[in-house]
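In order, the protein sequence lines correspond to chains A and B. If you read the first sequence in our numbering, its first letter stands for residue 1, the second for the next number, and so on. If you read the second sequence in our numbering, its first letter stands for residue 714, the second for the next number, and so on.
These are calculated hints, taken from the structure and not from any lab test. A quick note: this is a predicted structure, and the numbers were derived from the prediction, not measured. Where a beta carbon is used, it is the ideal one built from N, C-alpha and C, also for glycine. Possibly wrong hints are sitting among the right ones.
[To be verified] Calculated pairs, DSSO-like style, for lysine-lysine (alpha carbon to alpha carbon, straight line, at most 27 Å):
| no. | chain 1 | residue 1 | chain 2 | residue 2 |
| --- | --- | --- | --- | --- |
| 1 | B | K876 | B | K943 |
| 2 | A | K538 | B | K876 |
| 3 | A | K154 | A | K195 |
| 4 | B | K807 | A | K538 |
| 5 | B | K915 | B | K891 |
[Claimed, not checked] So the derived label-pair ranges between C-beta atoms look like this:
| no. | chain 1 | residue 1 | chain 2 | residue 2 | range |
| --- | --- | --- | --- | --- | --- |
| 6 | A | T349 | B | N790 | 53 to 63 Å |
| 7 | A | G699 | B | Q861 | 20 to 30 Å |
| 8 | A | Y507 | B | V794 | 52 to 62 Å |
| 9 | B | K860 | A | C669 | 44 to 54 Å |
| 10 | A | T689 | B | Q861 | 26 to 36 Å |
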Amino acid sequence: MRYTLLDRWVSGAKRQIGVLSVLLLAALAVQAQEYVRPPADLDRLTQELFAEIQSDQVPYEDLYETLLQYYQTPLNLNTATREELRGLLLLSESQITSLLDYRQQRGALLTLYELQIVPGFDVRTIYRVAPFVTAQTAGAGNALRGPFWQRVLKEDNNALFVRYERVLQDRKGYALAPLDSLGHGPTRYLGSPDKLLVRYRVSHTKDFSFGFTAEKDAGEQLVWNPSARRYGADFLSGHLVLQERGRLKTLAVGDYQLQFGQGLLLSSGLQVGKGAETITTLRRSSVGVRPYSSVLESTFFRGAAATYSLTPTVRATAFVSRKRVDANLQFAADSLAEFDEYSSGFLLTGFHRTPNELANRQALRETVAGGNLSYSSRSSNFAAGLTAVDTHFDKAIQRRPELYNQYEFRGRHNLALSAHYSYVRGNVLLFGETARSSSGGLGTVNGVLASVAPTVDVSALMRHYGRNFHTLYGNALSENTRNINESGLYLGVKLRPVARWEVSAYYDQFWFPWLKYQVGAPSRGHDWLVRLTYAPTKTSLLYAQVRTRQKEYDADGNRPLPLPVPTVRRSLLLYYDANPTTTLGLRTRVQGTRYRENEGAWRSGYVLAQDVSVGVSRRLRLTARYALFDADNYDTRQYVFEQDVLYAFSVPALSGQGTRIYGLAEISCTRSLTLWLRLAETSYRHQRTVGSGLEEIGGSRRTEFKAQARYRF
Amino acid sequence: MRQLYFIVVILFLLSITAYGQGSGPGIRGARAAGLANASVTLSDVWAVGNNAAGLGQLNKPVVGVYAENRYLLSALNTVAVAAAMPLGAVENEKARNGVVGVEVQRFGGKLYSEQRVGAGYGYRGGLVSIGARVDMLQLSIEGLGSKQAVAVSLGGQAELVPKRLVFGAYLYNLNQAKLAEYQQERVPTLLKAGLSYRPTDKVLLNIETEKDVEQDADFKAGLEYRIIEKLALRAGFRTLTEEITGGVGFQAGALQIDYAAAWHAALGLSQHVGVGFVFEKK
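The whole structure should be built from the sequences, with the hints applied where relevant.
Here it is, written out as structure tokens:
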């Protein structure tokens with residue numbers, strides 16, 4: 001048994017050796033007894049975790065990247081805490097418990113192969129987690145690996161990424177426009193259509209992480225103007241993080257993220273929301289302070305944070321952050337108004353391409369301070385903690401005077417306090433968090449996960465976020481994009497009735513007690529999903545997924561009183577993924593959506609996509625897709641995951657009729673240099689223009705080119 | 714005037730049938746027709762038109778003749794001849810250098826017709842087959858002249874569970890060949906993908922989805938049951954054209970004779986006949 005699995009791993013690794021050969025070789029060189037870690041199939045991981053994209057108000061590409069970045073530093077199974085193992089999102093609670101028990105009884109794992117004899121670990125689970133974990137036994141202390149600077153210099157997990165991206169067609173926003181007699185013209189982008197990203201990071205789990213990121217979006221300028229706080233690239237980020245220095249568990253300087261409890265007050269982007277994984281992604285883990293190296297320009301803190309271990313069971317975290325955020329500033333026209341100068345809300349896109357967007361850039365100064373005090377029992381079965389987050393803005397926030405904004409956050413100051421807990425007993429995990437904001441609004445989220453039988457897992461989660469509950473950095477599970485004005489009840493189940501088959505399903509019911517944008521009355525809805533997965537062989541996967549979501553939106557037409565009516569979105573997804581030979585990968589995706597508003601006519605959208613991936617040689621891997629799409633309108637647009645250069649993510653929304661094609665080449669030039677080249681084209685039928693506004697292209701095609709180089713030192 | 718009326722009727726019918734002809738890949742072989750054209754995983758001589766990857770599994774030279782009549786209208790007849798030839802020595806039931814196939818096809822009548830010459834190649838390596846095909850198409854409309862186009866197609870088949878679960882995908886006209894500038898008239902670009910489940914050697918259950926860029930998606934399912942070795946019964950349906958199909962196949966020595974009938978809810982009966990001849994090695 002051991003040898004067969006070893007063979008599988010080795011053959012699996014050989015198959016995609018081109019992908020991470022450098023990493024693998026380096027890992028082998030450092031630690032001869034360490035197994036060959038299989039390359040991460042991030043594409044398949046996202047397929048398994050995420051269900052379907054729901055809205056385009058959320059920058060999914062950046063969110064996914066944040067999540068993928070998390071998997072960049074492998075977790076050491078011998079030192080990982082329960083919370084960190086939960087953070088992987090791939091292990092069930094009973095698996096975590098049995099791994100911890102095993103570690104306690106038998107000592108550290110010598111290699112990852114040993115996972116096979118840990119009770120509750122099946123081959124599929126081991127395959128899923130293997131790319132993201134290690135089993136290092138070099139003792140507990142980092143000092144045994146040599147002095148600090150040597151550890152940093154010798155670290156293999158270090159890489160410089162340079163990425164370039166551009167749409168090849170001319171777009172309206174970049175075209176010259178005639179000026180009128182006053183010298184004014186229509187709005188145009190100030191910068192070039194090139195998108196650039198430079199990122200360096202070196203990290204070792206439970207030791208250190210250093211990194212910086214610089215990004216310029218398409219349309220932004222490269223400008224050096226310190227007085228306007230512009231230093232070259234539009235977005236700059238850097239961090240220094242030290243871990244496990246005696247009782248000082250973590251010290252972060254620069255950009256960092258925080259996640260405590262169920263993410264009600266502090267959530268770092270490591271969430272996948274309601275998805276096809278109905279059990280393990282439901283609860284959040286208190287991973288605490290984490291380095292930030294992504295490009296999502298709004299969801300991080302800038303300053304310093306530290307976690308200190310007061311006693312072996314009690315940890316205290318304190319943090320302070322001061323940064324400027326984008327906001328639209330306005331001045332009160334009325335001298336009796338509450339605020340002379342105020343902002344109608346935050347701008348989260350991170351784009352600074354036009355004079356307007358630039359005017360809003362970093363207009364608001366945000367100061368956040370707070371902390372967390374956590375207790376975790378010695379067995380880590382029980383954990384509880386308190387969190388405080390105090391936010392101060394230099395100008396008041398006051399949203400537009402619409403009825404649906406009645407209970408939104410206003411003013412300059414918000415103090416939010418919360419308490420969280422988690423308790424495991426036998427096969428049952430209870431967890432939750434309850435918070436209160438300055439406004440008096442309450443938010444609470446509580447859940448239970450249970451392995452009722454070896455083949456049956458169930459979950460339940462209840463949430464209530466008051467209409468006046470204000471959490472500015474929280475992102476607990478919800479239907480809305482923010483944790484406000486919502487109550488809900490979620491039930492999930494995962495069954496493995498026979499070998500190779502798995503059924504996962506959830507039903508979620510939600511209520512919105514106050515008005516929402518485009519919903520002029522209290523409303524409610526539900527959402528359910530069933531996914532049937534079949535893995536006929538080790539390397540192939542088939543699944544069928546049905547999802548239906550019903551929500552209320554205001555009916556069209558001019559009515560004296562708004563009337564929310566139910567809209568239904570029903571989608572079907574058939575997916576097939578296999579590696580019939582060691583060098584060939586095939587993926588087929590069929591997805592269809594039907595949408596209707598209040599008993600009206602059904603609208604539908606459909607995509608059929610075929611992917612082929614070929615390992616031409618050890619140095620070259622080619623991937624291509626041909627997809628046909630047909631969506632009646634914007635409501636039935638289709639989001640399709642695409643393979644992209646490493647750590648990048650592409651999820652275009654397709655509507656209309658046409659084809660979407662891409663090709664991706666991954667070239668391992670030398671041991672340290674890897675290149676990715678990608679060309680993608682959407683070609684529409686019966687359309688003379690593509691896109692709208694400044695993004696409009698004359699013609700029926702949109703072609704994107706992307707190149708990325710990774711250099712390992 | 715009668716001619717014009719006739720053309721209008723034909724164009725109307727073509728738009729209803731909404732697939733197949735109109736320079737699409739169409740139906741090839743009465744076996745495929747009996748299975749509601751859920752044929753992307755099949756590997757007989759008509760794979761040359763259904764999915765060139767299927768050619769790779771042939772290990773003997775084969776010729777086939779196929780005729781089709783739609784809705785009892787002679788203007789909608791199709792006739793096709795195909796041949797496939799393994800290249801190189803045959804080892805382990807597969808040709809070392811792959812299999813080539815050629816096909817000549819004609820659809821239509823005097824007023825509107827399509828001629829097609831296609832050449833395909835399929836190669837089988839292990840559990841995976843790949844194939845490609847090039848079509849030279851000519852469309853002729855009496856009094857309006859004719860247009861030519863070249864369409865390139867690619868296909869693949871893979872045995873997920875050897876001999877039990879087969880996957881196939883076929884992309885027709887990936888170059889999106891243009892027929893006329895007017896309204897950007899193109900040869901249809903079409904992608905189909907499907908699975909074939911073969912629980913025993915006697916039963917074959919095919920499901921397939923097919924999408925033409927400018928038409929609605931089609932879902933097809935077909936069942937073949939080989940009652941005795943020489944006799945197979947087939948049935949199927951497809952959702953887009955709302956057709957139910959049935960068919961029968963006999964094997965008589967080197968001859969394979971297939972017949973299929975399809976019933977369209979609005980347009981009625983179509984019939985398909987095919988004969989194949991396998992050149993056994995002496």
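These are the hints, each one checked on the structure:
no.: 1; hint: K876/B to K943/B; verdict: 20 Å, holds
no.: 2; hint: K538/A to K876/B; verdict: 17 Å, holds
no.: 3; hint: K154/A to K195/A; verdict: 32 Å, violated
no.: 4; hint: K807/B to K538/A; verdict: 26 Å, holds
no.: 5; hint: K915/B to K891/B; verdict: 43 Å, violated
no.: 6; hint: T349/A to N790/B: 53 to 63 Å; verdict: 59 Å, holds
no.: 7; hint: G699/A to Q861/B: 20 to 30 Å; verdict: 26 Å, holds
no.: 8; hint: Y507/A to V794/B: 52 to 62 Å; verdict: 57 Å, holds
no.: 9; hint: K860/B to C669/A: 44 to 54 Å; verdict: 47 Å, holds
no.: 10; hint: T689/A to Q861/B: 26 to 36 Å; verdict: 31 Å, holds
Of the numbered hints listed earlier, those contradicted by the structure are 3, 5.
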